[in-house]
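Engineer: Model the placement of chain B on the given structure of chain A, informed by the hints.
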Amino acid sequence: MLIKNLKITSSCIIRFNKVIINDKIDYVKDNYAGFPDFIRSVYRNYKINYPKFFKMDNLSKLGFITSELLLKQKNLLSKYKNDEIGIIISNSGSSIDTDIKYYNTIKNKSNYFPSPSVFVYTLPNIMIGEICIRNKIMGESSFFVFEKFDPDFLCNYINILFNTLKIKSCISGWVDFEDDKYESLLFLVEKENKKNNGRNINFEPENIRQIYKCLK
Amino acid sequence: MPDVYISADNIISSLGFTTEENINNIKKNITGIKLINNSNFSPTPFYASLVDSERLYSDFKNIDNPEKFTRFEQMAILSITDALRNSKVDIKNKNTLFIISTTKGNIDILKQSNKNRFDYKKIYLWDSAKLLQQYFENPSMPVVVSNACISGLLGIIIGSRLIQSSQFENVIVTGGDILSEFVVSGFQSFLSLSTVPCRPFDVSRDGLSLGEGFGTIILTSNPEYVNKKIIVTGGSSSNDANHISGPSRTGKGLYITIKNTLKEAGSKATENIDYISAHGTGTVYNDEMESKAITSAGLENIPVNSFKGYWGHTLGAAGLIESIAAINSMKENTLYKTMGFSKSGVSKNINVIDKTEEVKINNCLKIASGFGGCNAGIIFSKL
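Chains as they are written, first to last, in the working numbering: chain A, 1 to 216; chain B, 1 to 383.
Keep in mind that the hints were calculated from the coordinates and are not lab data. Remember, it's a predicted structure, so these values are computed and weren't measured experimentally. Any given hint could turn out to be false.
As the list claims (entries may be wrong) - Pairwise CB distance ranges, derived in the manner of DEER restraints:
1) B:T356 - A:K107: 35 to 45 Å
2) B:R117 - A:K181: 36 to 46 Å
3) B:T250 - A:P205: 36 to 46 Å
4) B:D64 - A:E147: 17 to 27 Å
5) B:V284 - A:K107: 50 to 60 Å
6) B:R85 - A:N197: 25 to 35 Å
7) B:S347 - A:N49: 31 to 41 Å
8) A:K79 - B:T250: 42 to 52 Å
9) A:N163 - B:K229: 21 to 31 Å
10) A:N156 - B:S58: 33 to 43 Å
What the hints assert, rightly or not - Listing some non-contacts, in silico: residues in chain B with all C-beta distances to chain A over 12 Å:
11) D3
12) T18
13) E20
14) D52
15) K111
16) S128
17) Q188
18) Y225
19) K252
20) N375
21) K382
Beta carbons are placed, not taken as given, at the ideal position from N, Cα and C, and that holds for glycine.
So that you can see chain A by itself, here it is in the shape it has in the complex (with noise of 0.2 Å):
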């Protein structure tokens, strides 16, 4: 049963060299040069600092600055205890950008260098894991894998989150990497409250479909 007044809060979509916050275009870069690039200038034009980001792998790297883009105005931390606060991330390609990269280090027995630094990003999770250690975050979390972006689960799941207490905000969306195709959308979940700034619309499937759409 959908919880009547869960809302969407913010919302950040990264996509075709582009930033959409809120529905808006926050942010273009021209003469794309590969994702490494495009999101290394996304990194530069919000004055992130965080070196660790340097790091990651590119899923995280996606996965990392749209959630540092959707919390921009949130002081999470403020509101709600670090293990009220969940994060439920889907994609359809696992972490197979850096599966393959890992592969090719291997695969080649007179030129084997398997890494662990590249190996521990071949689980889809990690990202999740990033975003957690960068906001404190310690509430319930989990990596779904869907052929498509898959709203009415998310949604249904959310609720059932809320609904039996274990969570009263949550980060959640679909960030996915592969080939140098890029796409995420990540949205935070909250209870409708006077303090909520930002956006306020119905946490429904039919919404975040709208909000997912607007860039296709």
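Structural biologist: Coordinates of chain B only, in the frame set by chain A:
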């Protein structure tokens, strides 16, 4: 809120192809961990627990053509088929959902020899889920949970929640991982493999042993589908927010999970936890962290074991097959000794089970932790 019962289960591992066969070997103190000297996995020998390939082929041949399916798919189909054999749950009903837990699925498809044999699309975890859904003619959109070493346990927790909220009557949680060059080299690069079969919580422990396998648990809210009444009374997950590849030094993340799991289970279960099935990988840091979290939660006197000494660390299967073994302990009122453990080597004085004995078990806490700082906990209770 409907109760979530365990209807049936299956374990496929180095110790056998049914739950019963696995448990019988555990009772006989047999470990499936062996020295593997095979350049397809690693240039150097290492200890691991492998599913018998010849048996997998011949058992699978009884139900379908093994040439058409990957090793991962064969194990999954066999595991689900066996669990369904022991349950009245209708797989073809729209009230039944599949949850698939895995870290790497068909990762061996990256090998050129496999790329030539199979459709490359099999690299996608959702494709494995779709294959199982279609193979068993299940009408619901399957859910894949890929959350490092807690994937299996998290699958059971998520399945239970979907039943408790009346979204589904039955959830078939299946999950596993195959041993591959990919995974072996990765853990070797982390220097986390043990030089001998792993020794959870022991003073001389020096790392984990990898394993492979599959587990399936059929959850249901329908008591008619159940023989011995064991239900899920609590479940929770948390994040350490500390480090992506190392467990927290304090155990705070796992402590939060245990605390929230106990809270959900309520005082009746919480005050009567009889047994803890730990993650207990045998690495210095994991076991130390768990001992701290268990102690912080005030559970240091409760008997605790790890099954990793029998099966190794089976990654996506671990939470499932270890939960099934723990449920079996409850049914048989038997605590199994921690294979590989002789003298405690963790700083907190927890009660590691060092000999198999009969004890009444009504409530069991199962915990797991993994890369990315994730933790999960679940409580099984006898009705």
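Engineer: Was K252 of chain B rightly flagged as not at the interface, with every chain A Cβ beyond 12 Å?
Structural biologist: Since the minimum Cβ distance to chain A is about 8 Å, K252 of chain B lies within 12 Å and the statement is violated.
Engineer: Is it the case that K382 of chain B keeps its Cβ farther than 12 Å from each residue Cβ in chain A?
Structural biologist: holds (23 Å)
Engineer: Does T18 of chain B clear chain A by more than 12 Å, comparing its Cβ with all Cβ atoms of that chain?
Structural biologist: Holds, because the least Cβ-Cβ distance between T18 of chain B and chain A comes to about 29 Å, which exceeds 12 Å.
Engineer: Should the hint that R117 of chain B and K181 of chain A are 36 to 46 Å apart at their CB atoms be regarded as holding?
Structural biologist: violated (27 Å)
Engineer: If I take the minimum Cβ distance from N375 of chain B to any residue of chain A, is it greater than 12 Å?
Structural biologist: Per Cβ check, N375 of chain B is inside 12 Å of chain A; nearest 9 Å; violated.
Engineer: Given a hint of 35 to 45 Å, does the C-beta separation of T356 of chain B and K107 of chain A actually sit inside it?
Structural biologist: holds (44 Å)
Engineer: Falls inside 21 to 31 Å, the C-beta gap from N163 of chain A to K229 of chain B?
Structural biologist: holds (26 Å)
Engineer: Note whether the CB distance of R85 of chain B and N197 of chain A lies within 25 to 35 Å or breaks it.
Structural biologist: violated (56 Å)
Engineer: Holds or violated: is the Cβ of S128 of chain B farther than 12 Å from all Cβ atoms of chain A?
Structural biologist: violated (9 Å)
Engineer: Report holds if the minimum CB distance from D52 of chain B to chain A is greater than 12 Å, and violated otherwise.
Structural biologist: holds (25 Å)
Engineer: Is the Cβ of E20 of chain B farther than 12 Å from every Cβ of chain A?
Structural biologist: With a cut-off of 12 Å, E20 of chain B remains clear of chain A, as the shortest Cβ separation is near 31 Å.
Engineer: Taking the CB of T250 of chain B and the CB of P205 of chain A, does the distance hold inside 36 to 46 Å?
Structural biologist: holds (39 Å)
Violated hints, listed in ascending order, are 2, 5, 6, 8, 15, 16, 17, 19 and 20; each of the other numbered hints is respected by the structure.
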